[in-house]
Amino acid sequence: MSFLQIQKLAKRFGPSVIFEDVSFAIEKGEFVAIIGHSGCGKTTILNILAGLDTASEGIVVMDGREVAGPSLERGVVFQGHALMPWLSAMSNIAFAVKSRWPDWNRIQVQTHCQKFIGMVGLTGAEHKKPAQLSGGMKQRVGIARAFAIQPKMLLLDEPFGALDALTRGVIQDELVRICAATHQTVFLITHDVDESILLADKILLMSNGPNACIAEIVHNTVGRPRDRHTIHHDPQYYRIRNHLVEFLVNRSKLYQSGEAKRPAQPPVVRPGLESAAAKVINLRH
Amino acid sequence: MALSARLKGLLLTALLLAVFVGAWHLATLPKAAPQAAESEYSKLVGAQAAVGQKSAFPTPADFGAKLLEHLKNPFYDKGANDKGIGVQLAYSIGRVLLGFLLAALVAVPVGFLIGMSPLVYRALDPFIQVLKPISPLAWMPLALFTLKDSNVSAVFVIFVCSIWPMLINTAFGVASVRREWLNVARTLEVSSLRKAFAVILPAAAPTIMTGMRISIGIAWLVIVAAEMLVGGTGIGYFVWNEWNNLSITNILSGILAIGLVGMALDFLFGRLQRAVTYTE
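Protein chains in written order, with this note's numbering: chain A, 1 to 285; chain B, 1 to 280.
Everything labelled a hint here was simulated from the structure, so no lab data went into it. Bear in mind the structure is a predicted one, so any value in this text is a computation, not a measurement. Each residue gets a CB set at the ideal place from its N, CA and C atoms; glycine is no exception. Where hints are given, some of them may not hold.
[Unchecked claim] Coverage of chain A stretches by chain B, computed from C-beta distances (three or more under 8 Å per stretch; other residues unrestricted):
(1) 48-57
(2) 70-80
(3) 88-101
[Claimed, not checked] So the derived label-pair ranges between C-beta atoms look like this:
(4) A/A162 to B/L16: 48 to 54 Å
(5) A/N250 to B/A123: 51 to 57 Å
(6) B/A5 to A/A162: 52 to 58 Å
(7) A/P235 to B/F197: 53 to 59 Å
Generate the whole structure from the sequences, applying the supplied hints.
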């Protein structure tokens with residue numbers, strides 16, 4: 001059984017259906033990205049995984065236990081960093097660390113925080129308030145806070161959406177490095193096709209909402225280690241990229257109207273590789 | 001020479017003050033007798049008639065002399081009707097702080113409850129809406145009847161008038177704490193008590209302090225009127241007593257003292273407000 005299992009998840013507000021029949025699984029240590037247009041319910045799925053929202057239907061099981069509310073086992077990096085502005089960067093992280101290990105003394109908390117501040121490259125800025133930090137630095141504090149509680153799973157809600165391209169690249173590199181070192185299980189929401197190829201092992205493609213579904217699961221066959229500057233030399237890179245862009249531009253809207261059939265179990269696709277084999281898997285479902 | 005904006009402001013303030021005092025001085029100059037005094041009138045009132053009449057309103061010099069007198073010995077106590085202006089102010093400040101503190105003890109927790117629970121908000125809102133616009137002095141007879149002590153009644157009136165801004169601001173501040181900070185606390189499985197003190201209180205603190213600053217201002221306005229009613233001690237009673245004594249200089253001294261203390265209280269709460277304010 002997979003580490004995280006999502007079965008038949010649905011969210012409805014009265015008669016309107018946000019998404020339905022969302023089922024997928026995440027293995028331990030896997031990095032899964034979900035990509036789709038605004039309004040398809042990506043954030044709602046993440047909030048349900050975090051325990052901050054409840055599903056109208058379906059079940060989420062992590063590590064053999066049903067997810068029934070927020071938990072320290074799942075760390076969240078929020079879209080808008082969500083740092084407390086009256087606390088310094090260090091105190092923001094310490095707030096989380098003290099929640100995780102209430103028995104630790106001040107020195108233990110401090111040392112632990114310092115380690116994660118160093119990990120995101122913020123040494124020297126730990127005593128600054130969020131208002132004194134740049135957007136990128138704030139988001140790094142948010143990432144350090146989520147990593148510092150050493151959760152079983154990390155949920156990232158478009159963490160780099162508000163950053164400029166340059167900063168985004170730097171932090172993406174850091175995330176690649178940290179995830180490679182920690183083997184953290186991660187679920188990431190993104191709008192950015194390149195970001196998903198750089199970071200993820202699997203990419204879930206979501207059709208347009210309302211009435212959205214998971215249309216495909218793309219296996220990211222670009223080899224690791226990946227580097228932002230050289231990744232486009234990998235022959236698989238453009239095959240996957242084209243597949244994702246083609247989905248977002250043309251196919252994502254077909255599922256609402258019924259032109260494309262909603263899969264009961266989303267087909268697994270390896271763009272550019274054994275396309276015949278992928279079709280066989282497709283047919284079996 | 002380039003003067004800093006601050007210095008320019010200060011100079012202008014001094015100039016305005018000088019103009020005001022000058023105008024006051026001119027207005028209160030002894031008036032020359034409008035016409036040659038009749039000899040019979042002169043005989044009756046003496047030299048006054050010849051030099052004209054001194055204004056009943058004190059001159060700035062009179063006022064300054066009186067002020068100096070008050071400043072030299074502000075804390076004497078020579079019986080019920082003759083206490084130094086410092087003693088009277090201390091009574092008033094004491095009542096205001098006591099009433100304000102009691103109000104804070106009620107308003108902040110209840111405001112928290114209202115802010116956190118929409119049900120409590122709906123249940124209490126009608127009471128707040130009816131009670132809030134009542135002039136605090138309207139409670140005075142009821143307070144005197146039930147509490148049977150003028151001093152306690154004055155404190156009660158301060159309590160009533162300072163409770164509303166604090167209650168409403170606390171409730172508003174607590175209700176508008178950013179959802180994402182609460183979500184952070186939820187994902188970290190923070191206990192309700194820690195959430196209240198470590199997340200909601202600091203997040204709402206600037207709004208709560210604004211309420212407190214408004215409250216202390218209102219309390220200082222109300223105490224003067226309340227003390228005029230209940231009598232005995234306090235700066236309000238002092239002003240009213242000096243009206244009965246027809247001592248305009250003392251009334252003016254009282255008015256100036258009320259203004260200065262009010263300014264000091266506002267300054268103090270402004271400082272506190274700045275201390276808890278954060279930039280996002």
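Claimed coverage, the region 70-80 of chain A by chain B - three or more beta carbons nearer than 8 Å: holds (count 8)
A range of 52 to 58 Å was offered for this pair. Does it hold for the Cβ distance of B/A5 and A/A162? At 37 Å between Cβs, range violated.
When you take the CB atoms of A/A162 and B/L16, is the distance between them in 48 to 54 Å? Check passed, 50 Å falls within 48 to 54 Å.
Indicate whether the distance between the beta carbons of A/P235 and B/F197 respects the range 53 to 59 Å. 57 Å, holds
Verify the coverage statement for the region 88-101 of chain A against chain B, using a C-beta to C-beta distance below 8 Å and requiring 3 or more qualifying residues. Since three or more residues must qualify, the claim that chain B covers the region 88-101 of chain A holds, with 4 doing so at under 8 Å.
For the region 48-57 of chain A, does the count of residues with a C-beta closer than 8 Å to a C-beta of chain B reach 3? holds (count 3)
I want to verify a distance hint. Is the separation of the beta carbons of A/N250 and B/A123 within 51 to 57 Å? Roughly 55 Å apart at Cβ, these two residues keep to the hinted range, so it holds.
Violated hint for the displayed structure: number 6, the only one.
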